[in-house]
Every structure is written in C-alpha cells, then in structure tokens.
Amino acid sequence: MIGLLILAVYVAIFFVSFLVVRFLVRRTTQDYTSLKTVTFGDESAVTSNRVASIVSVVTIFLIWGSFTGSNWVPGFLHAPGPFVGETSFTYTLETEDGTRDDATVHVRVFDFGETAQKFDVDEGDGIAKDDAVAMSASRSTTILFDKNDEVKRSDGARVVAIDGVEFNGSRRVKSPAGSFSLTDKGAISFAPPRGLQMEPIWLPPPEAVVSRAVEISNEGYRDSTLWKHLGYSLFRVILGFFFGALLGIPLGYAMGLSDWFRGWFEPIVEFMRPVPPLALIPLVIIWFGIGETGKIILLFLASLWIMAIAARAGVSGVNISKVHAAYSLGASKFQIMRYVIMPNSLPEIFTGARVAMGVCWGTVVAAELVAASEGAGMMIMVASKFQLTDIVLMGIILIGVIGFAIDILMSKAENLLVPWKGRS
Amino acid sequence: MSTLSIENISMRFDLPNGTHVQALKDVSLELNTGELLSVLGPSGCGKTTLLNIVAGFLAPTEGQIILNGHTVTGPDAERGMVFQQGALFEWMDVRENVSFGPRMKGQNEAQWGAHVDHLLDVTGLGDFKDKAIYELSGGMQQRVALARCLANDPDVILMDEPLGALDALTREKMQGLVLKLWKETGKTIILITHSVEEAILLGERLLVMAPRPGRIHKEYNLPFADMGVGADLREVKQAEGYAETREEILEMIWDMEEEIMGRSEDTK
Ligand SMILES: Nc1ncnc2c1ncn2[C@@H]1O[C@H](COP(=O)(O)OP(=O)(O)OP(=O)(O)O)[C@@H](O)[C@H]1O
Ligand SMILES: [Mg+2]
Chain V
1 MIGLLILAVY VAIFFVSFLV VRFLVRRTTQ DYTSLKTVTF GDESAVTSNR VASIVSVVTI
61 FLIWGSFTGS NWVPGFLHAP GPFVGETSFT YTLETEDGTR DDATVHVRVF DFGETAQKFD
121 VDEGDGIAKD DAVAMSASRS TTILFDKNDE VKRSDGARVV AIDGVEFNGS RRVKSPAGSF
181 SLTDKGAISF APPRGLQMEP IWLPPPEAVV SRAVEISNEG YRDSTLWKHL GYSLFRVILG
241 FFFGALLGIP LGYAMGLSDW FRGWFEPIVE FMRPVPPLAL IPLVIIWFGI GETGKIILLF
301 LASLWIMAIA ARAGVSGVNI SKVHAAYSLG ASKFQIMRYV IMPNSLPEIF TGARVAMGVC
361 WGTVVAAELV AASEGAGMMI MVASKFQLTD IVLMGIILIG VIGFAIDILM SKAENLLVPW
421 KGRS
Chain D
1 MSTLSIENIS MRFDLPNGTH VQALKDVSLE LNTGELLSVL GPSGCGKTTL LNIVAGFLAP
61 TEGQIILNGH TVTGPDAERG MVFQQGALFE WMDVRENVSF GPRMKGQNEA QWGAHVDHLL
121 DVTGLGDFKD KAIYELSGGM QQRVALARCL ANDPDVILMD EPLGALDALT REKMQGLVLK
181 LWKETGKTII LITHSVEEAI LLGERLLVMA PRPGRIHKEY NLPFADMGVG ADLREVKQAE
241 GYAETREEIL EMIWDMEEEI MGRSEDTK
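In order, the protein sequence lines correspond to chains V and D. Using the numbering used here, the letters of the first sequence correspond one by one to residues 1 to 424. Using the numbering used here, the letters of the second sequence correspond one by one to residues 1 to 268.
Bound-form chain V, shown alone (with noise of 0.2 Å):
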C-alpha cells in the first residue's frame, strides 16, 4: 500500500518538475541546440537534461525523507506518521451469566527508539478494572485485560464491545483509538493508528544515515574505520584487476596474433567467460579460505577473462590497411607490433578494463558479503544480521558512489589517452 502510494507520489513529482521546468526554464533560456527542428531520433540531439538529473536526486531524498518523518525534510512535507502519546479505550466485558462491565484501558505509544516504560492506574471499581500497556509505535499489542478483572477469560467472561461498539471478535474494528481484534484465546489485540511512515529498522532517515556514516568513519565498526573497510574493498579491486590486466592482456595480444596461442587458450576462455564470478567464490574459499589471497585470485580471476578478450578483440579489430600501409612504409613486425597494433588495440583494451573494474567492485563486495573481516560488504552483512538498517544504507550508499567514482574515473582517463577512439 505505502509502496503504491510512493510511487505515485514519484510520478506526480516527474511530470509536475517537467511541466514546470518547460514552461519556466524553456522560456528563459535559448540556446542553439534548442533551435533544432528535428530531434527525434536523433541520438547525439538527445543530451540528459542538467535540471531533470537534480530534480531526480532531490526527489529521491525528498520522498525519503517524508516518508521516515526526517528532520531534513520540512514538517509539511511529511507523511503522517504513527500515533505517538496517550489514548485510551474501554472495553465491554461479559460474564457467563450475562452480567456485563466496562473497563478503561490506558496505552501510552512510546515513539520510535524511546523504551515503552511500564505505569500505572487506578483500576477503578465494578468486576472489570482498568488495566495500564505501554507499547511501541507503529505495532500492535496483545491486551490480557482479564488479569486484573474479578471474572477472568477462564471463567467464561468475554470482550462483546469496545468503545460501545458491539463486537464479537470475527472482524477487526476501529475507533479513534486505533483497531481492534481478538486473538484465539480472546484476549483484544490492538493498534493504534500507523500513518504512512516507515519504521526505523526498515527505512531509517537520511540524517541517521549520516551520523552514522560521521560515527563510524570516527569510531569505526567491526575494528575497522568505515575508511579502512572501504579501503580494503579498493586495495582488493585494484589489486586484483591489476593482476588481471597484467596477465590478461598480453594473453589476449597472443590470442590476437598465435593461432596456436588462440587454439590453446579459446576453450578456456571461451569456458570461463560465462561463469560468474560469484559461482568462484565457494571455490575459492575452499582452496584459499577467506584471507586476502583468495579474494585477490577471485578478482583476478574476474578481470583476467574480460582483459584477455578486450585485447584479442583490439588485435584482431585492426584496420588491415593500416598494417599493409606500415609494412610498406618500411617497418618491421616488431615495429608494426609496438606502433600500430599495440595502439590501435587500446581503445577496446579501456572498454574491457571499464567493465572490468565495474565487475571486480561488484564481486569484491559480494564475496565480502560471504566471508571476510573488513571491507564494505562485510560491513553491511554484518550490520544487516543486527538489523542495523542505518549501517546497510550508508554502505549500499557508498558503494554505489564508489562504483560510479571509479566509471567515471575510467572514462576521463579514456578521454586522455586514447581520444580517437570512437572517432576513426
């Protein structure tokens, strides 16, 4: 239901932000793309939009925040939350022999975080006395309202109203006091109202993610420092793509230019390519434990094959004109190796060391997640066996910057050193 009710808030954010960005910012600004007549289809004509790009993140932070009642977000813009103070309800109670009794209940709904403290009332008179519960918001609570009544559950007595409302258990009701049901054994189970936002442990505020990341950057989890266990995962990731690269490549060139090399290696490569990393991982637990070893291998293992076939793929993609102009300007095999083929093999060489990288993040985080002692997916893992739902965001949060930060990285270095590639 609030997932529904998400969505179609998002929705309404996008088309609204769309409307109000082309009718405010279209008028103002003119500039000579915009006067294209024709643009559909036309790939290069299509560049994302600055504006819809910020409109999106703070959405996305928007809708969380409002939905976890986040200090962030102004109070307006939250979604109602869950009942939090005192309330009360009274119940009917009726005995075997048809006498009948009310009883007020006291709740107090403690907020999200503080501990629901135990109290007390007056129990009042008559056979039923007012009972006392101290509950957490956003749950439900089981009600023994007999313990204190003079006629108990087991001698017949039974709930058949609450707040005057007759009742006899079969379907749940509601009064302004939240919702009403009896368990098997009669005794009331009730909630107060939920609202729309999200508990805690499910969906914790931006802020507390923050802090948390300030907490553990300072403090650290797990004997580490939230920059230790990053930094693990990163030493991993270059480590091991390094390692992948160093081997990898020059295989791929032998594959390009041997057909023995080629006919020796294709089966495995061809073998190994579709199998994930992540199936390794047992495997290499098995044979090397969960130490830095075998997440290394792992790794390597994960950008060997890529790195290969991005070489082959740059030998054996050379234009045979440029190797029959440099044969007949004069050059050697080994010169046309080192200045020709070794070149013109870099363009695919970076798209396959892109996608590597993109998969050695992926893998070092998921073979954390099973087996290791820091490192970014160790740190959620763990937290998430705490359901320390705070720590988990924060580290799905940065592994995702992360991964971006290096793409980015990757391809700004693409543009340095190879910026034909795409243009010949």
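Check before you lean on any hint, since a few could be wrong.
[Stated by the list, open to error] With a cut-off of at most 25 Å between alpha-carbon atoms, the simulated BS3-like pairs for lysine-lysine come out as follows:
1. V:322 / D:131
2. D:105 / V:421
3. V:333 / D:105
4. V:129 / V:152
5. V:185 / V:129
These are calculated hints, taken from the structure and not from any lab test. Only a predicted model underlies this, so the values are computations on that prediction, with no experimental measurement involved.
Position chain D with the ligands against the provided structure of chain V, taking the given hints into account.
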C-alpha cells in the same frame, strides 16, 4: 633505368566451398620510371588484387613482379601505398604520421625534419602539423596519406582509389596535386580509379581491364596528364581528343558491366 615489370601474373582464389575465383589471368605489363599508369575496369575485375600483388601483400599463383632487377617477395619501403581511407594512424598527429617511414628506419629528426616539413607545405598541411587525424577533413586526410608515402621516398607509388571518398571539388584539387607531385618527384605511379575522367586526366598510360578472368583489355597512351601539370584541369577537358577518348572508354566499360549483369541474371 629502373623499370617495373609485371610478368604473366595469374591469381586464383580457392574458396572454402571448393570452387575458385580466377581474379587475374596472365597479366603482363612493363612500366618505366616516372610513368603514371591509371587502371580502370568494372568492379571485381581484379584491380585491387593486382595492386596488392605489386605491393607484395599477396603472392601470385603464377608469374612474378620484377622491380629494379629483383623479384618482389613481400612488402617493402621501395613500393609505397596510398589507400582509399582508414590507413592513417589516429594515435599520431599529422607530422608523426608523415614521418613514420623515416622514423621506422631509425632516422632522427635532423635527418627527416626538413623533408617532412617541405612535404607538409607542398600538400598544404603546414598549418595542421600538430592536429590529430580525426580533426581533419577527408581531403586533408588523403593529403596526409600522400605526404606520408612520399616522405618515405619510394620508387613506385601504388594508389587504390585514393580520391574515391572525396567530394567532386576536393577531388579535382587533389587531382591537380597528384599531377604536380608526380612531375616534381618523378615517381612511378600506378593509380586505380573508378572515374573514367580521372583516369584520362591523370594517366599518361591508361589500362582498361576486363573481368572474369581479370585481364588487360586495352591500353592507351594519352597526352592529357602532361598538359594538366600546373594547368587548369577543366581546360584540359576541353582539349582535342579528350571527349572522344572518354566516350570510347565509357562505352567499353558500359558494355562489360552490361555483360556481367546479363550473365548474373541468366544464372538466377
Ligand atoms: N581474398 C579473396 N578471397 C576470395 N576472393 C577474392 C579475394 N580477393 C578478391 N577476390 C575476388 O577476386 C575478384 C577481384 O577482386 P578485386 O578486389 O581485385 O576487384 P576490383 O577490381 O578491385 O573491384 P572494385 O573495383 O570493386 O574494387 C573478385 O571477384 C573478388 O571476389
Ligand atoms: Mg578494388
């Protein structure tokens, strides 16, 4: 006097399905130093194959190529090649491309610098020395290819449709440039083209080839290349005999193409 002799060249491609293509049959030709030969012929008549054999990229099934008294066995710096497109090195700038040959021979900049810069000026690339290849227009790229070939100082220059990808105006300018460089350097040139006009304007000698099997159909000796050096090529086209030669060759190639079409229609 060094000559290029093409002696009884035949080329047969065996196809994987067991059949074969006779791309060239018994082609013989003698070329003197400094001659410019243009080659015309319908598509698939073996022009590129012939050029690749002369360049040394392909070994003929029969016959041999003799240049300066020795048999051609593979590619060599004495035979330069200008491709239609895509043969420049994108990872080098214009000057590095043009100086590629000398650099591969181990020469240092003191040895090749002046020559390369001169060629860049002659081809009108003086201001684009440090530009990347992908920043140049198609015409400029072909001028780089031409300069790169000349910088290596080959005895024979082989060109396979070097101007084929250019627009008409650029093409005309480049034709003038080819003629100018030919006269200045005195190189032996074989130029393959699909344009009858280009073949007549540039070819001191003109070879028309016929297909299936690829062979020499007719040879012409033409005066227009000499007239065209340093002159307006459009005026050369008004010269006596030009129009007749063009019509004659066009008709010849038209007939061959028609025959090919007819034959492939029959087999259907
Ligand atoms: N590597 C090869 N394998 C098999 N057949 C080939 C090969 N190269 C060329 N041929 C065949 O040889 C014949 C001559 O080809 P070639 O490329 O020399 O023709 P061309 O005259 O250059 O044609 P175009 O004007 O279209 O460039 C064609 O029938 C072609 O199919
Ligand atoms: Mg050809």
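Looking at the structure, which of the earlier hints fail to hold?
Violated hint: only 2; rest satisfied.
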